[in-house]
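Chains F and P, in that order, give the protein sequences.
Every letter in the first sequence is one number past the one before it in numbering that gives the first Met the number 0, and letter 169, counting from 1, is 168.
Every letter in the second sequence is one number past the one before it in numbering that gives the first Met the number 0, and letter 412, counting from 1, is 411.
It is possible that part of the hints are untrue.
Claimed, not checked - Cβ-to-Cβ under 7 angstroms is the rule here; a few derived chain P residues that face chain F: (1) Asp168; (2) Gly170; (3) Glu175.
Said to hold, decoys possible - Here are the simulated lysine to aspartate or glutamate pairs, EDC-like style, with alpha carbons at most 20 angstroms apart: (4) Lys89(P) with Glu75(F); (5) Lys165(F) with Asp168(P); (6) Lys147(P) with Glu112(P).
Since the hints were made in silico from the structure, they are not lab data.
Just so you know, these numbers come straight off a predicted model, no measurement behind them.
Every residue gets a Cβ at the ideal spot worked out from N, C-alpha and C, and that includes glycine.
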Amino acid sequence: MIFIKRYFRIVSLLLVVVSFLSAGCSYISDSIEGAISNRASFSIEASYSSPNVTVTWDVDNSDENFAGYELYITTEVNNEFSGYELAKSRYQPSTDLLMYSSSIGSIDYNVLSLDAGRYFFRLGVIHWDDDVSDRTTENGYNITAGTVDEWDAADDIEPNYNAKTKIDAISGLVAVDID
Amino acid sequence: MVNGRIFMKLRFLFIMGILLFSAGFFAADAEVYEASTLHNAVSRSETVQDLFTERWKTIMDNEQYFDFYGRLNWIPGFSINTINKRTGEKESVDMTLVRTYGSLTLAFPILGEYSGKSVEERIYGADDSGNKDGTSKKEDSSYVDADKLLLAFTATGFHYGLTSSSSIDRGTAGTETITDYRYTQFFDDIFAASLVYRPYFFIHGGVVLNNQIDPNDDGTMSYGDFSDLRIRYFVSSNILSFLNLNAATTTDRFESLAVGIIVNNLVKMVADKVNFYVPAFTVTYKNLALYNDEAWDPVWVGISRDSNGDLKTSIMTDSLKEHGTLHTISLLGHQAIIGGLSLNLFLEFQFTFSTLIEKKTQLTANPEGDEVNLSPLKEGYLSLSYDFFSDEKYNNLILEGGASYYWDISAPVHRVYGTGYGLWGGFLSLKWETAIVGFSTKVAFNDSDELRKLIEASDKFMVDVSVFCRY
Chain F
0 MIFIKRYFRI VSLLLVVVSF LSAGCSYISD SIEGAISNRA SFSIEASYSS PNVTVTWDVD
60 NSDENFAGYE LYITTEVNNE FSGYELAKSR YQPSTDLLMY SSSIGSIDYN VLSLDAGRYF
120 FRLGVIHWDD DVSDRTTENG YNITAGTVDE WDAADDIEPN YNAKTKIDAI SGLVAVDID
Chain P
0 MVNGRIFMKL RFLFIMGILL FSAGFFAADA EVYEASTLHN AVSRSETVQD LFTERWKTIM
60 DNEQYFDFYG RLNWIPGFSI NTINKRTGEK ESVDMTLVRT YGSLTLAFPI LGEYSGKSVE
120 ERIYGADDSG NKDGTSKKED SSYVDADKLL LAFTATGFHY GLTSSSSIDR GTAGTETITD
180 YRYTQFFDDI FAASLVYRPY FFIHGGVVLN NQIDPNDDGT MSYGDFSDLR IRYFVSSNIL
240 SFLNLNAATT TDRFESLAVG IIVNNLVKMV ADKVNFYVPA FTVTYKNLAL YNDEAWDPVW
300 VGISRDSNGD LKTSIMTDSL KEHGTLHTIS LLGHQAIIGG LSLNLFLEFQ FTFSTLIEKK
360 TQLTANPEGD EVNLSPLKEG YLSLSYDFFS DEKYNNLILE GGASYYWDIS APVHRVYGTG
420 YGLWGGFLSL KWETAIVGFS TKVAFNDSDE LRKLIEASDK FMVDVSVFCR Y
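Using the sequences and the hints, build the whole thing.
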């Protein structure tokens, strides 16, 4: 009886172990490193029809910490290894509610002022640094309205956005040739 | 719509680089990414098996039933020549080689019972007496009571590949950094089962999976879309605590064999005890099928022409490839000096019965190339370590530093300074361990232990951090 109990226990543990180990430690360790560094995790598409570049994406973002999207463009023409600068956000170059709607998957960006050449675009999914319950004055948020030190929609303002958000996910890069 | 084909097809770049290499193109400052060791699945299997064996030594020395270990390693300053698709110009881009390593082991007693509430209790006894060398429980912690047969399962994985970083200026919201995968990413995994019945024997057996995945053009990864998968089988064993036997093979070819003798444990079989101040020696012979006329090998085996009389190329068929074996004999010594101070010495000698033609000597004026003269000394290192808490049982703070020498045929291709085959280097590490958790960090430059895993790390600084959790 003792042997049967032990045999059953070993087989059960074996099934758990096999299912866990089958993931492969190299992939698990890679995902841990990916969580530490900000890696491209989804793809976007882009097309050019003067004077606009249209960027489209398909990202499910119903997270309560979602703060908006940001579109980035390379600072140097014809250089895929260049750094990026902000092309469009909720507040830049002007307030654009389309960059805050979690249901949209497309945005137009006017490139009339750019020199001809190849530019690379990326999309950032922006999240608040903290969960709703932790967005307090003590944690550096500017709580301006409603119940004291309790976050509500009225506190979703540009100063808080600039100070207390981060890129939660970044897209892969997509190239667009502009005439 | 322009779908950014920012990266040339990965294989095209590699073939470009390899063909240039085969044609005798050689940059003394190693700008072209040749990926020799990365692509060599034999040396990759050796690396992941060495990591597996190294971790299991700790597991058995501490009689653990559970072990989780993770390590992150960064080598910045990989200068890669890439072709700008838009302009057609060659550009040198600095990238970072990222390596991650993880290991998980679960052990179950199938004869005997779980014993001790912790690693500390199992080694030093429940009466909490005794000092660090284990004299409260047994004369020597390497010779344990044969009271249980353990069945264990281990998954060990090693990922490495190049990444590049870009800054993102979010305007008034600040600046952040992102990273992208560049070129082939390598995933090597071991899945093993083990039987441990110390001190009589232990045996590990399993499969080594060498997997390669090319990033998508936009830098994202499709993990299920691998470009090359190779399977190997390995066995690693020890008999009577002194004789190590390890072997690895593919489905159609033997790849490596290692036979080692832990001299002090052999002596203990006939003597009551070995004096604490006698150095612990291990002598190991290895037989590695390391040279296989592959595109990424730095040498041709035999002569530079195939059986048809044509010069060998990187794209010749497998039937025309020849195979060569590297033999090594190594000596590992460990000596406790005084207090928490100890010394480690390692020497490895190499020889081959195969003729090896160095590819980079195949110039237009010398298409046959020159034979390689292997240095008798392949690797050597000397390190000193000091345990600041040497009087405590399971609370170690160990500072270790060392100097090393490593010889490799591929070294001239990858090194940044100089053109020779031998590299001098060293390392400095700090390790903190308790009975349950531990942390370590290491900085190295041309350290032989790192060059053995990755010759592409030549003349580059490396930073390494690791953590473990055990029971």
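Item to check | Violated hints - listed by number, lowest first | outcome: none
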